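Participant: Build out the structure end to end from the sequences listed, making use of the hints.
6 protein chains.
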Amino acid sequence: MIYITRRERFNAAHRLFRPEYSDEQNLAVFGKCSNPNWHGHNYTLYVTVKGEVNPDTGFLVNLKDLSALIDQHVIEKLDHRNINLEVDFMAGKLASTENLAIGIWEVLSEPVSSLGAILHSIKLYETENNFAEYFGG
Amino acid sequence: MIYITRRERFNAAHRLFRPEYSDEQNLAVFGKCSNPNWHGHNYTLYVTVKGEVNPDTGFLVNLKDLSALIDQHVIEKLDHRNINLEVDFMAGKLASTENLAIGIWEVLSEPVSSLGAILHSIKLYETENNFAEYFGG
Amino acid sequence: MIYITRRERFNAAHRLFRPEYSDEQNLAVFGKCSNPNWHGHNYTLYVTVKGEVNPDTGFLVNLKDLSALIDQHVIEKLDHRNINLEVDFMAGKLASTENLAIGIWEVLSEPVSSLGAILHSIKLYETENNFAEYFGG
Amino acid sequence: MIYITRRERFNAAHRLFRPEYSDEQNLAVFGKCSNPNWHGHNYTLYVTVKGEVNPDTGFLVNLKDLSALIDQHVIEKLDHRNINLEVDFMAGKLASTENLAIGIWEVLSEPVSSLGAILHSIKLYETENNFAEYFGG
Amino acid sequence: MIYITRRERFNAAHRLFRPEYSDEQNLAVFGKCSNPNWHGHNYTLYVTVKGEVNPDTGFLVNLKDLSALIDQHVIEKLDHRNINLEVDFMAGKLASTENLAIGIWEVLSEPVSSLGAILHSIKLYETENNFAEYFGG
Amino acid sequence: MIYITRRERFNAAHRLFRPEYSDEQNLAVFGKCSNPNWHGHNYTLYVTVKGEVNPDTGFLVNLKDLSALIDQHVIEKLDHRNINLEVDFMAGKLASTENLAIGIWEVLSEPVSSLGAILHSIKLYETENNFAEYFGG
Chain A
379 MIYITRRERF
389 NAAHRLFRPE
399 YSDEQNLAVF
409 GKCSNPNWHG
419 HNYTLYVTVK
429 GEVNPDTGFL
439 VNLKDLSALI
449 DQHVIEKLDH
459 RNINLEVDFM
469 AGKLASTENL
479 AIGIWEVLSE
489 PVSSLGAILH
499 SIKLYETENN
509 FAEYFGG
Chain B
379 MIYITRRERF
389 NAAHRLFRPE
399 YSDEQNLAVF
409 GKCSNPNWHG
419 HNYTLYVTVK
429 GEVNPDTGFL
439 VNLKDLSALI
449 DQHVIEKLDH
459 RNINLEVDFM
469 AGKLASTENL
479 AIGIWEVLSE
489 PVSSLGAILH
499 SIKLYETENN
509 FAEYFGG
Chain C
379 MIYITRRERF
389 NAAHRLFRPE
399 YSDEQNLAVF
409 GKCSNPNWHG
419 HNYTLYVTVK
429 GEVNPDTGFL
439 VNLKDLSALI
449 DQHVIEKLDH
459 RNINLEVDFM
469 AGKLASTENL
479 AIGIWEVLSE
489 PVSSLGAILH
499 SIKLYETENN
509 FAEYFGG
Chain D
379 MIYITRRERF
389 NAAHRLFRPE
399 YSDEQNLAVF
409 GKCSNPNWHG
419 HNYTLYVTVK
429 GEVNPDTGFL
439 VNLKDLSALI
449 DQHVIEKLDH
459 RNINLEVDFM
469 AGKLASTENL
479 AIGIWEVLSE
489 PVSSLGAILH
499 SIKLYETENN
509 FAEYFGG
Chain E
379 MIYITRRERF
389 NAAHRLFRPE
399 YSDEQNLAVF
409 GKCSNPNWHG
419 HNYTLYVTVK
429 GEVNPDTGFL
439 VNLKDLSALI
449 DQHVIEKLDH
459 RNINLEVDFM
469 AGKLASTENL
479 AIGIWEVLSE
489 PVSSLGAILH
499 SIKLYETENN
509 FAEYFGG
Chain F
379 MIYITRRERF
389 NAAHRLFRPE
399 YSDEQNLAVF
409 GKCSNPNWHG
419 HNYTLYVTVK
429 GEVNPDTGFL
439 VNLKDLSALI
449 DQHVIEKLDH
459 RNINLEVDFM
469 AGKLASTENL
479 AIGIWEVLSE
489 PVSSLGAILH
499 SIKLYETENN
509 FAEYFGG
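Chains as they are written, first to last, in our numbering: chain A, 379 to 515; chain B, 379 to 515; chain C, 379 to 515; chain D, 379 to 515; chain E, 379 to 515; chain F, 379 to 515.
It is worth saying that the hints were derived from the structure and are not from the lab. Among the clues, some could well be false.
Each pair may be met inside one copy or between any two copies, as identical chains are not told apart.
As the list claims (entries may be wrong) - Under the rule of at most 25 Å between Cα atoms (straight-line distance), these lysine to any residue pairs were calculated in the SDA-like manner: (1) K471 with I453; (2) K410 with G515; (3) K428 with I496; (4) K428 with V407; (5) K442 with Q403.
Note that this is a predicted model, so its numbers are computed, not measured.
Facilitator: Here's what the structure looks like:
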């Protein structure tokens, strides 16, 4: 079993809030992240997949394929986007790093299988001080 | 002459567009950065000041004071904010990295003088691939 | 199960030595780290906690709370301190990265529980070339 | 159980190709990495070992010893070398990051035991965007 | 006057040697970098340009254009290549970081002018410990 | 004219204080950095030299020589040392980043000349948030 990780990056806007709360309540719970005018981040994403090395190539997966797949399912949908308003797999969810990591897992799990590997983890940095990791289930 | 640099960080949303343009025109000129729903960045700011070492302290400036001053004049106004909508010194300006670096220079130049140092440069990273530098005038 | 990591930093002095050894013996065992006049590091600390996402907030824990808790129990005690002389939870222990990581685990485990999460790991960088990780038990 | 990681770096050339393929076939499978004139990387290697803290030293292993051992068995053989042509433990293998991580595991596993620790993982960065991890067996 | 910097990266092989020297002489002068079987690096390139902000766009130059231009004139020629054997603008030159920085300056200076900016500096990292900077003439 | 920079690192302890001040006065002026029990840092040093490329080698200076020279004159004296108590060129000076950068310039300027290059700048990071630069005179 070998593990391979690909790093990708995207920039997006978000806001943390519950629509049924007042601005004051949102500020109390979510702090500055509840700013109604949005703010944003340079997100860094590490996608780790696992499986056996293919003896014909020496690769677990061709990283060009893995990168293209992440680009299609994740980066295209998130980069220079508003996570609350424009990202189909985040509709109706709080735009936290935790939920975003879980959402990315859910859209990548099947496509990664199609490459002959198993999705192992999603690691998502919101800033250099904070990151979430999700290993499925 | 010695140069001292303080790094600070903030997260903000922005959009690059001209209000008199259509969305199509803005997209043609500004690319994905013109997304009407905003996107954002983790900005990293390096403020460099210069002057003589104070023989009583060994400092050019006390970095606690410099950091507090940057916090008051820049970070408080930008962090978790929308640069187009909420930042007084950026009102009416295109929210590019270039203009933001110049704007930060303009609000910091005088306060830095009050510490007995001279503002030397503003270096502003929008992503790890792009940064602007401004040396005044 | 989701994992969230918070990075914090502190600067401290330490010395590796056994008081019953001569300076020569300490030098033989601990190398330059045994210098009787102390040396120091910029330590980087990664605290990882795990648990379920709270559906009301989208958070596992509010990172402001986690950061405040790490600050109170760890950073306040270590930052700009001498690990051998001034840190209660390191009293009587060799001030190695290993022991410091274990000590930090022990002071953080209960407070993290009070936030409704489980402490998963302490990762402590002494330099960019060396780090220790502790997962409890 | 404590985990200690040592980072080391080396620069090497490699080429990904199968000798029985034509240049066109190699290009189709391995992309630009099949360039017959070689290309190369600054590799970053993280070696993680695990075990109990020695109460006499506060160390799991003396990092000076671990570093010397990695230097002798890995860095000396790879640094400023051609992985395809000059590295004994890679002879006859495709010079992928996956195979290189596995090869490094195999040459380090026994020497690490001689220090009284257990080799836990090899993490090998080919670029800042790609890395492989191997945990044995 | 504003300064904008774009970071790009490439991986390449090289060898430092003089053809009229024996292998022993090359080893004495160039050390491990003279290995006849090549070695390689992940190079990191910072291209800094300067000029006035365009009031219509807020940009000095559109970074998409600058990046495309660097890609065409530099990255396409160097990435996954052998600097000694395959790079037209390095033909007949010693493949040192110094000469490579100067060579990149020479191929970029005119194209940057065509964007309405002035090339200010080329900063080229061979490893995280070593870099060259060139400011022209 | 080409510029070459070499990065080196060292770990040291220091304290900021004036002996004629009480602990309270030192705390008021120097903050936590005045802790009488010392604290410390991982310092990162960038030494930049300038001059002409030697046509025989493609080098401004052989980096092996530059590194050896920095090691002899700076790293050996500072690494795992107490800056206030043990570093000859800092005797009687406040152990600030500013004074340390100036001190390093003074001990390196002549040795760099002996390599046929000119010392251009000393850049010294005390933490990733703070650094000093000195260009001589």
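Participant: It remains to establish, for every hint, whether it holds in the given structure.
Facilitator: How the hints compare with the structure:
For a Cα distance limit of 25 Å, the shortest separation of K471 from I453 inside one copy, 18 Å, qualifies, whereas the shortest one across copies, 29 Å, does not. When the C-alpha separation of K410 and G515 is checked against a cutoff of 25 Å, the pair qualifies neither within a copy, at 31 Å, nor between copies, at 34 Å. Taking the shortest alpha-carbon separations for K428 and I496, both the intra-copy value of 5 Å and the inter-copy value of 22 Å come in at or below 25 Å. When the C-alpha separation of K428 and V407 is checked against a cutoff of 25 Å, the pair qualifies only between copies, where the shortest distance is 20 Å, while the shortest distance within a copy is 38 Å.
Taking the shortest Cα distances, K442 and Q403 sit within 25 Å of each other only across copies (16 Å), while inside one copy they are farther apart (46 Å).
Of the numbered hints stated above, the single one contradicted by the structure is hint 2.
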